[in-house]
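Engineer: If you want the building blocks of each chain, they are given just below.
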Amino acid sequence: MARAISTRRKLTFTAIGWAVGLLIFFPVLWTILTSFKTELDAISIPPKFLFFDWTLENYVTVQERSNYFRFMMNSIYLSLGSTFVGLLFAIPAAWAMAFSPTPRTKDVLLWMLSTKMLPAVGVLIPIYLVFRDFGLLDSRVGLIGVLFLINLPIMVWMLYTYFKEIPGEILEAARMDGASLSKEITHVLAPMSVPGIASTVLLSVILAWNEAFWTLNLTTSDAAPLTTFIASYSSPQGNFYAKLSAASTLAIAPILILGWFSQKQLVRGLTFGAVK
Amino acid sequence: MATMQTKSAARLMMAPAVIALLLWMVVPLSMTLYFSTLNYNLFNPAQTPFIGFTNYSFFLSDPAFFTAIRNTLTLVAGVLVITVGGGILLALLLDQDFYGVNIVRLLAIAPFFVMPTVAALVWKNMMMNPVYGVIGQFLNFIGVGAIDWFSNAPLTAIIIIVAWQWLPFSTLILLTALQSLSEEQKEAAEMDGAGALSIFWYITLPHMARAITVVILIQTIFLLSIFAEIYVTTSGGPGLQTTNLPYLVYAQALLQFDVGGASAGGIVAVILANIVAFFLIRIIGKNLDA
Amino acid sequence: MRYRSLLLGACASLVAASGASAQDATTLTIATVNNGDMIRMQGLTEDFTEQHPDIQLEWVTLEENVLRQRVTTDIATGGGQYDVMTIGTYEVPIWAENEWLLPLDGLGEDYDEEDLIPAIREALSMDGTLYAAPFYAESAMTLYRTDLFEEAGLEMPEAPTWDFIAEAAQTISEANEDVYGICLRGKPGWGENMAFLGAMARSYGANYFNADWQPQFDSEGWTTAVNQYVELMTNYGPPGAASNGFNENLSLFNQGRCAMWMDATVAASFVSNPDESQVADSVGYAPFPCGIEDCPNSGANWLWAWSLAVPASSQKAEAAQTFISWATSKGYLDLVAEKEGWANVPPGTRTSLYENEEYLAEAPFAEQTLQAIQNADPSSGEDKPYVGLQFAAIPEFQGLGTSVGQQMAAAVSGNMTAEQALQAAQQTAVREMTRAGYIQ
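Chains as they are written, first to last, in the working numbering: chain A, 1 to 276; chain Z, 277 to 566; chain W, 567 to 1006.
Here chain A stands alone, though its shape is the one from the complex (with noise of 0.2 Å):
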């Protein structure tokens, strides 16, 4: 009896969760589909699902008309590098706030989140001003800076509850066996508290990756990322949605190949510090 109810309830969760899991994914599911119609289809009434003459001629023009490996290469070195100049930063100071802390250290972290209010629109002009001086236009470093220290709050704050959730008397144990400094963190810190830096260094990938306001407005070409591939898709004479569509699915297919493969990683680590 009480088997029956269970199967029975697990069958009625199973419809719930696919219904829901369908619609909030459907956006991304048509957009995919529509990539592979051609522009008529596309803009069919009624909709056609399924049934349509399946084409690839829209990532063919796409790729013809931009190179969009190029625009990818850009799009990891971006967030790549922006990431790893944010872990340079941001673990030295998550880690003597977590291990130090002061009775300023929550005010500091406050601080730093705040600094990720500054509306972009108001200071574009003051930043391109300085990266013309400073010969940076439309080059991956500069934008790597910038990308970085956008980042770099949230970096702070979730390497911080992690590195607060490792027990202090383990490093006390290791001291008091004579470890030095670079043993402490080697040995015990490290394996610790990769789980943190990794999904740290996720979110910090997929947020540099999807940002879309500096990477468009300080490249021109060797710099420009897919956020720019985009913009030269977005509203064109004639139809589109099938080309839109390609190129978005393009634009976001490799970060979502990761977010997916990483997902255990995500689930673990988006905490910041939310579960005790």
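These are computed hints drawn from the structure, not numbers from a lab. Hints are all accurate, no fakes.
Taking lysine-lysine and the DSSO-like style, the derived pairs with C-alpha atoms no more than 30 Å apart in a straight line are: (1) A:K10 to A:K264; (2) A:K10 to Z:K462; (3) A:K106 to A:K116; (4) A:K106 to Z:K283; (5) W:K896 to W:K882; (6) A:K116 to A:K264; (7) A:K106 to A:K183; (8) A:K164 to Z:K462; (9) A:K116 to A:K164; (10) A:K264 to A:K164; (11) A:K164 to Z:K283; (12) A:K164 to A:K106; (13) A:K164 to A:K183; (14) Z:K283 to A:K183; (15) Z:K462 to A:K264; (16) Z:K283 to A:K116.
Note that this is a predicted model, so its numbers are computed, not measured.
Take the given structure of chain A and dock chains Z and W to it, following the hints.
Structural biologist: Same frame as chain A, but now just chains Z and W:
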């Protein structure tokens, strides 16, 4: 002695991050402050006389200003209600054991990886367009009739788009919190004859309080500066219905390359954002013993 | 130590990766808008690089609004990111005045500047010197469905009036359930709905500003025009009209869902192309409607040319002019004709094109286009202190036009009445113009 040493070591370790962020904040901010007192239009870069607070009074006296504040707050609040409420429900659902729960989880977190511009373009053209959009055609099919989202419910439309993007984020955090709730606690409550609702109300929800706080805090920071979604879909309209503060700064100043005005608007926006942050931290920060 | 060298190595490789590899060839960075004709040009680049192996082209193709923001920021700050910029008739007079553009004096001997249509050439010149070369140009016209008109027993007059248009829209939308009587721009923006409304208001004799720079949104012409516009759009327009721009209307028209459409003349080459349009063989072309007797420019109150210019900050001016000369030459028109057919040739720039029998045979809209462009006189006059027809070529117009456009969109979507929208528009405009120092 040891503490002195660790303290200065700690300062040294924090220094790079703090200094970097300080520069990032101070350099543009001071340039912005300076520009905000000039009559500086990019179309006339040769003459930039000092004009004091004129840019500020112009920006603040704009009839659109209060509308923009109201829209900004509505946008933030609307998205928070949907993502926190929906996030709790979704987290509860994904916490159940059912067939294919892992795949459903993948589907449900997908929007988080989609670029804001792409999300806005897809929703605007392929979902919400009243003639070709899937939603409109579905509503026509069931006889309700297509909704012209961006004319008749523009702010709601933006809230839906932004909430769709942020729902996975809140779900992930809330789900993690939920999973750390021990089964024993729940079982003990069940033994005492508590119903599912009261378990949720008295045990699950308080357990998630901290996670909810984190979600609200982080999302507010991002939501106060929503720009791309509005730029791509409604350009702040019709009228002023979807003009939030960042968009107002853009429309009033950057669009006509009025650097002075844009700077004044930027400073005002920073001040307002910090006021919001201040209250936010006072109200919910207690939950967060950072 | 190891870490430090690692870090240095990482930085070095990042720097190395960011620097463009040095080449002998000159690389031109060209900023352009993602319109069909430009994309076609991008596809035909090979012809240019074969002729000029020492010049390489780097295309930056962006959506119109993004493009405008990028190039304006760059040219005004002297960023020097682009060697060739695609700009319109709005920017050219302002930018040339600021000495941001190089005069185009090196287009070559066989360029034949005299062949450019005078109205266009005038709009892109300052003191008789050309500062930008037109790639394609447009005025405005009425596109309509001949089959639907025939069915309804209507005949498009040679010079239609708005009253006739309103009647026709009503008759046709009542007779055909799935056809909208009229499609017009509603998407807010100075280059979107305001381009249309500016032209429409002018067909009622109203300008943006009077001789004292006083905004005219409270004038009779504007009031009549906007009321008429809102009425047409709400009664016979498509749903979502307030977010339809050129492109959305084009899709609707191509699918046979619009009976009439007043927009840029360049639309004609799209709707008559059977590959894209389902109604290609039943499109008629007429002048833009008039609201009053003897309306200014016979209704053609719209002039725009997407043009190529060289920013003063470019280090490669010579190569840039070589490219511009190629892209806007007669030879380029022949090249497009040869590869893609005459109907796809970028229209509106050269007189010789409209004397070409082959073109006239393949482009049924040619005559109407040429006439509209020739009629459109954008110059300033006694009652009109600014250059431009559907826009006013002053720096403040972008922001002002866009916020007025928002009010108009609100009127179309039914959030306020036409009167309220005009009142709000007038207020905004007076405010902006006072701030900018035009009115005291």
